[in-house]
Amino acid sequence: MLKSLNQYLLVNYPLLWNTRFFNVLLFAIIGHITFFIIGQISVHSIRDFYDSDDYTELFESAVVGLYSTLVIVLFFIIWLIYYLRNNPFKSFYPVTKTYLVKEFFTVLFISLITITLFNSYEYGRHLKKLKISTNFDPIKESHIINQAHCFLPLDKFNFESAAHCDSIYRDIEVPDYIPNDSCFEGVYSSTMDYETTEATPVEEYPEIAPSIERPDFYSYLNYCSKSHSIDLDSNINSAIYTNNAHRWLKNKQKDSIEISLVAYQKLLNQYQIRNQFKPKTLTNWCFETPDHKVLNDLTSLSYYDELFPTYQNYGEFSYVNSVVNEVYDNRKESFLSIFNWELYFYFSLSITIILIMFRITRLKPWLIASIGMGVWAILFAILSNFIKDNTLLYVYLVGWIILFSMSFYMIKNKSKKILSATFLIWSIYGFFALVLIIFKIIEYNTKEVKMCVNRLWKIITPEHPIHSWIINNKDTINVINITSCIIFIVFVIIPLAYKWQSNPNE
Amino acid sequence: MLNINNPMKQVADFFNNGDIHLGNRRLIDCLLDLQNVSYYKEYLELIERYETHKDDTLFTKEALELLEKIKLSTPLNQAEVSSSLILDVKDLSKQYKVSAFKISPLSFQLHKGEIIGLVGENGNGKTTLLRLLTGDLKPDTGTIDYQLNSDKIDPYLLRSKLVYIPQRVPRWYGTLMDNLQLTLTHHGITGHDNLLWVEMIIARLGLRPYKNLGWNRISSGYRTRFELAKSLLRKPQIMLLDEPLSNLDIISQQTILQDLKFLSESSAQPFGLILSSQQLYEVEKVSNMVIFLKRGEAKYQLKNNTEEVQQLVYEIETEASREEINKAFGELNLLEINYNGGVYVIHFDPNTPNSDIYSCIGKHDLKLNYIRNITHSSRRFFIN
Chain A
0 MLKSLNQYLL VNYPLLWNTR FFNVLLFAII GHITFFIIGQ ISVHSIRDFY
50 DSDDYTELFE SAVVGLYSTL VIVLFFIIWL IYYLRNNPFK SFYPVTKTYL
100 VKEFFTVLFI SLITITLFNS YEYGRHLKKL KISTNFDPIK ESHIINQAHC
150 FLPLDKFNFE SAAHCDSIYR DIEVPDYIPN DSCFEGVYSS TMDYETTEAT
200 PVEEYPEIAP SIERPDFYSY LNYCSKSHSI DLDSNINSAI YTNNAHRWLK
250 NKQKDSIEIS LVAYQKLLNQ YQIRNQFKPK TLTNWCFETP DHKVLNDLTS
300 LSYYDELFPT YQNYGEFSYV NSVVNEVYDN RKESFLSIFN WELYFYFSLS
350 ITIILIMFRI TRLKPWLIAS IGMGVWAILF AILSNFIKDN TLLYVYLVGW
400 IILFSMSFYM IKNKSKKILS ATFLIWSIYG FFALVLIIFK IIEYNTKEVK
450 MCVNRLWKII TPEHPIHSWI INNKDTINVI NITSCIIFIV FVIIPLAYKW
500 QSNPNE
Chain B
0 MLNINNPMKQ VADFFNNGDI HLGNRRLIDC LLDLQNVSYY KEYLELIERY
50 ETHKDDTLFT KEALELLEKI KLSTPLNQAE VSSSLILDVK DLSKQYKVSA
100 FKISPLSFQL HKGEIIGLVG ENGNGKTTLL RLLTGDLKPD TGTIDYQLNS
150 DKIDPYLLRS KLVYIPQRVP RWYGTLMDNL QLTLTHHGIT GHDNLLWVEM
200 IIARLGLRPY KNLGWNRISS GYRTRFELAK SLLRKPQIML LDEPLSNLDI
250 ISQQTILQDL KFLSESSAQP FGLILSSQQL YEVEKVSNMV IFLKRGEAKY
300 QLKNNTEEVQ QLVYEIETEA SREEINKAFG ELNLLEINYN GGVYVIHFDP
350 NTPNSDIYSC IGKHDLKLNY IRNITHSSRR FFIN
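Chains A and B, in that order, are what the protein sequence lines are. Sequential numbering from 0 applies to the first sequence in numbering that gives the first Met the number 0. Sequential numbering from 0 applies to the second sequence in numbering that gives the first Met the number 0.
It should be emphasised that the hints constitute simulated quantities derived from the structure, not laboratory data. Treat the hints with care, since some could be wrong.
[Stated by the list, open to error] In silico lysine-lysine, BS3-like type, Cα no more than 27 Å apart, as pairs:
no.	chain 1	residue 1	chain 2	residue 2
1	B	Lys234	B	Lys210
2	A	Lys413	B	Lys70
3	A	Lys411	B	Lys89
4	B	Lys70	B	Lys8
5	B	Lys8	B	Lys284
6	A	Lys363	B	Lys70
7	B	Lys160	B	Lys234
8	B	Lys137	A	Lys415
9	B	Lys137	A	Lys2
10	B	Lys8	B	Lys60
11	A	Lys413	B	Lys137
12	A	Lys473	A	Lys89
13	B	Lys89	A	Lys415
14	B	Lys210	B	Lys137
15	B	Lys298	A	Lys411
16	A	Lys416	B	Lys160
17	B	Lys366	A	Lys498
18	A	Lys101	A	Lys363
19	B	Lys101	B	Lys260
20	A	Lys411	B	Lys8
21	A	Lys279	A	Lys249
22	A	Lys416	A	Lys292
23	A	Lys96	B	Lys160
24	A	Lys498	B	Lys89
25	B	Lys298	B	Lys260
26	B	Lys8	A	Lys96
27	A	Lys411	B	Lys96
28	B	Lys96	A	Lys415
29	B	Lys293	B	Lys40
30	B	Lys101	A	Lys415
31	A	Lys139	A	Lys101
32	A	Lys416	A	Lys89
33	A	Lys416	B	Lys96
[Claimed, not checked] Here are a few chain A residues that face chain B, going by a calculated C-beta distance under 10 Å:
no.	residue
34	Tyr7
35	Leu9
36	Tyr12
37	Pro87
38	Phe91
39	Lys413
Since this is a predicted model, take the numbers as computed values, not measurements. In this text, a Cβ means the ideal position worked out from N, Cα and C, and glycines have one as well.
Just chain A, same shape as in the assembly (with noise of 0.2 Å):
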């Protein structure tokens, strides 16, 4: 049936034919199942959620990563040997500007669906977790644990004195920096580094320091961190934990502590955390004396610790915050936050534009324009640690427009056919950054210009509202730069190489 389809696109639509598009889309269509599938697979059930930060998901993943890496660079060795067989354009057959430009993005299109493969593992991944986890309440849950949390003899350390509890607040709550109004005389610009200051005093927020009485040594009185980093709910503010716990301890709310701890087993259970301890038994713990001490410890195990029979209570309590974490950010992501369509349009568009140049222009200025790239990298590089971030900028600017120009003049007046493709290809893989670094010259000369005059800031020149805007559309900024790429290509690379083609090499 493929030969058949074969057969029939080599008689019919020969750039179809040429590229096997049809045989490359049947391989991307089971690659992309295939590793939908694996996945699927390689979450068999909600223990699958807390592993994520073990090692086991990382070696799975790189086993896949790596698996897929080596299928894609299999895949394009063998469709290459296909592809590069015949070159109507270069046969001088009579094809048209429209052809290449079909040419390129049937390549695109050929890179972008096989280059994502592992794509599919992870959106595979992520559905069957979606799947496992429709019941679930992250938010809720995320209250349960907090709450629950503040009952836990899990660590001592969380059952300080108040000073300790307070030098918890401070680390957790610094508020963001405020310059300072001196200065020392010169004009400063808003990107430059300021000293950091001391931490501020937790007596200065007092919506997060509970008024309540911390004796001098373990206590759940002293209780005032929520559980590690579980806070889902921004309309809640984490003290409310500890107000609660130490309202129910003063008032001897035995029931709330034990409904609060029940509610907190059940959550365990629901996730198959392994446990062993009775809500109970832990709410009296925090009443053997009145003034509420930490007298026993809950052991906190990890899932491939071999000694739960020797504890008498005990719990994989660290994994309920990363389960319910990840159930949380799991429901927020989308087909296109898992796809990283930056990373992967970039990639295909480069994987096109080399292959492309090759394809119109010939081997020896393709392989001294490739050669010669990573040589001006390096150039790049090393020039960038002597000269400002910005003259190299302009540089660049200078250095492609200088190409371009060139490129451009030799292939209008039928010179140097090896040196003029040089330098178109240059173009091309120079406009790559080109774009992106418009904007950053843009973003520089458009910032706050401030001066100190008299040991105080004074704006000289006031941020233009576009750099604001560069510095928050990273992502309309990529695709401002992607478009551009292929609108130069379409627009002014192919009819060059077009014309290119045609001229005399003598």
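We have chain A already, so just place chain B on it with the hints.
Using the frame of chain A, we list chain B on its own:
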């Protein structure tokens, strides 16, 4: 003026005289000229049967029947085309920057259906001239005017109309059939017709047994035939061939040259052909003009030259010594003797009768291996 009527008569004559292979080739030429694919299918079935049964009589009968059929259905008298001018070269010259070699200004014209032979020793500018004509080199002076039935076209499309086969045929990949089909698709013939056209050209150039083979599995001679097949599918108006005979055996050389002559005179797709070769006599046989290049300078030799003969020139290969030759032809108006590569080139007064020369040979019993009158051949220019 070219006419399809004569080829049809030729085909019938070839078949009737038992010259089946030549008849078959000319039959294909006629069919290709008609450009009616329904006949292609009929012919391909016919050749298929012939290849299976190897029955010459049956094949001849069926071929003649097919010929009669196309004769009846085709208004032959209207199938004429004019041999119009397609290439006008004026004062063309080129000097390489890195060497002193130079093509001195040369001018000539090429019409549809004509063949120009390009001869000369190695390194005397044949390939340079072909590369100039194909646009691969930029001339220093002069003009090349291609009159290709099209308004101003862009340089790429112009070059796509100049079919040039270099001396070293570039390697190709895949099967012969795939390559030919791809070529034809790019030249506008798609779908089922594509297959029929390619099969016809393959049959025309004797490539049927090799059509599913790749580069490595066919000889260099058949590679040349493949290039010719590919070029013909491109419907050329000007074809430039650089040493196309160099990889062919003597029989194939004659066959290919004869085929080129026939094909260039096609009534439907006539083209002008310029070919360079070292096979002087073979090229002269089919060429309307021969350009002899020596150190970049051209001498022109027209077929049926009516210019006054300056000298009567004979080429003789003999075991006799120069003294014996001098003695034998001494009584004639002997102007000059050149000895070159085992043969003598002897120049006589233009008024010397040919019979006197043969009489002298007989009288002095000169043992000849070979004798040829080269008075009108560019062979006379090849003298050290």
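How the hints compare with the structure:
| no. | hint | verdict |
| --- | --- | --- |
| 1 | B:Lys234 - B:Lys210 | 20 Å, holds |
| 2 | A:Lys413 - B:Lys70 | 51 Å, violated |
| 3 | A:Lys411 - B:Lys89 | 25 Å, holds |
| 4 | B:Lys70 - B:Lys8 | 10 Å, holds |
| 5 | B:Lys8 - B:Lys284 | 22 Å, holds |
| 6 | A:Lys363 - B:Lys70 | 55 Å, violated |
| 7 | B:Lys160 - B:Lys234 | 8 Å, holds |
| 8 | B:Lys137 - A:Lys415 | 11 Å, holds |
| 9 | B:Lys137 - A:Lys2 | 44 Å, violated |
| 10 | B:Lys8 - B:Lys60 | 15 Å, holds |
| 11 | A:Lys413 - B:Lys137 | 9 Å, holds |
| 12 | A:Lys473 - A:Lys89 | 39 Å, violated |
| 13 | B:Lys89 - A:Lys415 | 25 Å, holds |
| 14 | B:Lys210 - B:Lys137 | 38 Å, violated |
| 15 | B:Lys298 - A:Lys411 | 36 Å, violated |
| 16 | A:Lys416 - B:Lys160 | 21 Å, holds |
| 17 | B:Lys366 - A:Lys498 | 63 Å, violated |
| 18 | A:Lys101 - A:Lys363 | 25 Å, holds |
| 19 | B:Lys101 - B:Lys260 | 31 Å, violated |
| 20 | A:Lys411 - B:Lys8 | 53 Å, violated |
| 21 | A:Lys279 - A:Lys249 | 18 Å, holds |
| 22 | A:Lys416 - A:Lys292 | 87 Å, violated |
| 23 | A:Lys96 - B:Lys160 | 16 Å, holds |
| 24 | A:Lys498 - B:Lys89 | 25 Å, holds |
| 25 | B:Lys298 - B:Lys260 | 23 Å, holds |
| 26 | B:Lys8 - A:Lys96 | 46 Å, violated |
| 27 | A:Lys411 - B:Lys96 | 21 Å, holds |
| 28 | B:Lys96 - A:Lys415 | 12 Å, holds |
| 29 | B:Lys293 - B:Lys40 | 49 Å, violated |
| 30 | B:Lys101 - A:Lys415 | 20 Å, holds |
| 31 | A:Lys139 - A:Lys101 | 53 Å, violated |
| 32 | A:Lys416 - A:Lys89 | 14 Å, holds |
| 33 | A:Lys416 - B:Lys96 | 15 Å, holds |
| 34 | Tyr7 | 9 Å, holds |
| 35 | Leu9 | 5 Å, holds |
| 36 | Tyr12 | 8 Å, holds |
| 37 | Pro87 | 5 Å, holds |
| 38 | Phe91 | 5 Å, holds |
| 39 | Lys413 | 6 Å, holds |
When each numbered hint is compared with the structure, violations occur for hints 2, 6, 9, 12, 14, 15, 17, 19, 20, 22, 26, 29 and 31.
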